[in-house]
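Engineer: Sequence:
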Amino acid sequence: MSVFAAPLGAFLFESLNILGGMGILSGRILKDLFIGRFYLRLVVEQIYVIGMKSLPLILITATSIGMVMSLQFGLGLEKFGGKMYVPKLVTATILREMGPVFTSLMLAARVGAGIASEIGSMVVTQQIDAIRALGTSPIKKIVIPRVLACLVTLPLLVGVTNFVATVGGLLIGATELNIDANFYYLKVLSTAGISDYVSGIGKSLFFAIFISIPACYYGLNVKNGTKEVGSATTKAVVVASILILVGDFFLSKLFWVVERWV
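All the letters of the sequence shown, read from the start, carry residue numbers 1 to 262 under our numbering.
Read the hints as simulated data drawn from the structure, not as lab findings.
These numbers come from a predicted model, not from an experiment.
Among the hints, a few may not be true.
In silico BS3-like links for lysine-lysine, alpha-carbon gap of 30 angstroms or less [to be verified]:
{"id": "1", "residue 1": "K227", "residue 2": "K141"}
{"id": "2", "residue 1": "K53", "residue 2": "K141"}
{"id": "3", "residue 1": "K235", "residue 2": "K53"}
{"id": "4", "residue 1": "K141", "residue 2": "K31"}
{"id": "5", "residue 1": "K141", "residue 2": "K223"}
{"id": "6", "residue 1": "K235", "residue 2": "K223"}
{"id": "7", "residue 1": "K31", "residue 2": "K223"}
{"id": "8", "residue 1": "K235", "residue 2": "K253"}
What follows is a set of in silico ranges between Cβ atoms, one per label pair, in the way DEER data are often shown [to be verified]:
{"id": "9", "residue 1": "G9", "residue 2": "I60", "range": "35 to 45 angstroms"}
{"id": "10", "residue 1": "E97", "residue 2": "K223", "range": "33 to 43 angstroms"}
{"id": "11", "residue 1": "F38", "residue 2": "Y185", "range": "37 to 47 angstroms"}
{"id": "12", "residue 1": "G9", "residue 2": "P56", "range": "40 to 50 angstroms"}
{"id": "13", "residue 1": "F38", "residue 2": "G81", "range": "55 to 65 angstroms"}
{"id": "14", "residue 1": "L189", "residue 2": "F38", "range": "33 to 43 angstroms"}
{"id": "15", "residue 1": "S26", "residue 2": "D180", "range": "42 to 52 angstroms"}
From the three backbone atoms N, C-alpha and C, an ideal C-beta is built for every residue, glycine too.
Could you build all of it, start to finish, from the sequences and the hints given here?
Structural biologist: Right, dumping it as structure tokens:
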């Protein structure tokens, strides 16, 4: 028993240390956000880097999601004579789960890694120290623009994913499953409700935090030269992905509870 106790204790201690560090960073972001100068130009630059440059990856991912889901649901339900339910199932699943989750995972891999490595390199080359020496907060000039850009772009990218994935599902439904395109389209419209959109977009706001905060935290805490930049990048992506997948369950539960009360 003691063989497992020491590693488990070390893991729990490290996890609490990381969560505490990210909590402190979040507090500093909230504090600095409303104090002093607001760097709008830097926010716009990051929106372009995070949003527009991620668009090709998101389009490929969204098309694949819609086509695969439509095909798999269709082949599975066809055995039970339920092929006509494919549009409803695909639409609801994309809007509530696959759209926000897969988009966030793609951004965690691309954007989270980029933010962590960029900030880590700035720490190693003493650019962060130079910013402090000039009397400017690195949280305000480096971290906040990236966090705000994630909060703005991720919901928009999720909206793009939802649309493209739905179109991909319709194409497969019409060509491979022989479902009438007009029927599929009408079922999509009748299935997609306000609660579905709110659930997906609401999750994306939380996922944006799950991506940006760990990336900034690990980037700022690079200490041992360039070797640690790669390690920090890997940790940022892993932690963000875990937070997205675990958080998705609790957020799904939360939205279902809220919908019952509304």
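Engineer: All the hints need checking, so say for each whether the structure fits it.
Structural biologist: We went through each hint and held it up to the structure:
1. Distance hint between K227 and K141 is fulfilled; the C-alpha atoms sit about 25 angstroms from each other, no more than 30 angstroms.
2. For the suggested pair K53 and K141, the alpha carbons sit about 21 angstroms apart, so the restraint of at most 30 angstroms is met.
3. Distance check on the hinted pair: K235 and K53 sit about 23 angstroms apart at the alpha-carbon level, within 30 angstroms; holds.
4. A hinted pair counts as satisfied when its Cα atoms are at most 30 angstroms apart, and K141 with K31 qualifies at roughly 13 angstroms.
5. Restraint check for K141 and K223: the C-alpha separation of about 20 angstroms stays at or below 30 angstroms, so the hint holds.
6. Of the pairs offered as hints, the one joining K235 and K223 holds, with about 14 angstroms between alpha carbons and a cut-off of 30 angstroms not exceeded.
7. A hinted pair counts as satisfied when its Cα atoms are at most 30 angstroms apart, and K31 with K223 qualifies at roughly 25 angstroms.
8. Taken as a hint, the K235 and K253 pair is honoured in the structure, with Cα atoms around 27 angstroms apart against an allowance of 30 angstroms.
9. Between G9 and I60 the beta carbon distance is about 43 angstroms. The supplied range of 35 to 45 angstroms therefore holds.
10. Between E97 and K223 the Cβ separation comes to about 38 angstroms, which falls inside the hinted range of 33 to 43 angstroms.
11. F38 and Y185 have their C-beta atoms about 44 angstroms apart, which keeps the hinted 37 to 47 angstroms range intact.
12. Take G9 and P56: their Cβ atoms lie about 45 angstroms apart, and the range 40 to 50 angstroms holds.
13. Distance hint for F38 and G81: a CB-CB separation of about 59 angstroms, consistent with the stated range 55 to 65 angstroms.
14. One distance hint, 33 to 43 angstroms for the beta-carbon pair L189 and F38, holds here, with the actual separation near 41 angstroms.
15. Between S26 and D180 the C-beta distance comes to about 50 angstroms, which sits within the given range of 42 to 52 angstroms.
The structure meets every hint from the earlier list without exception.
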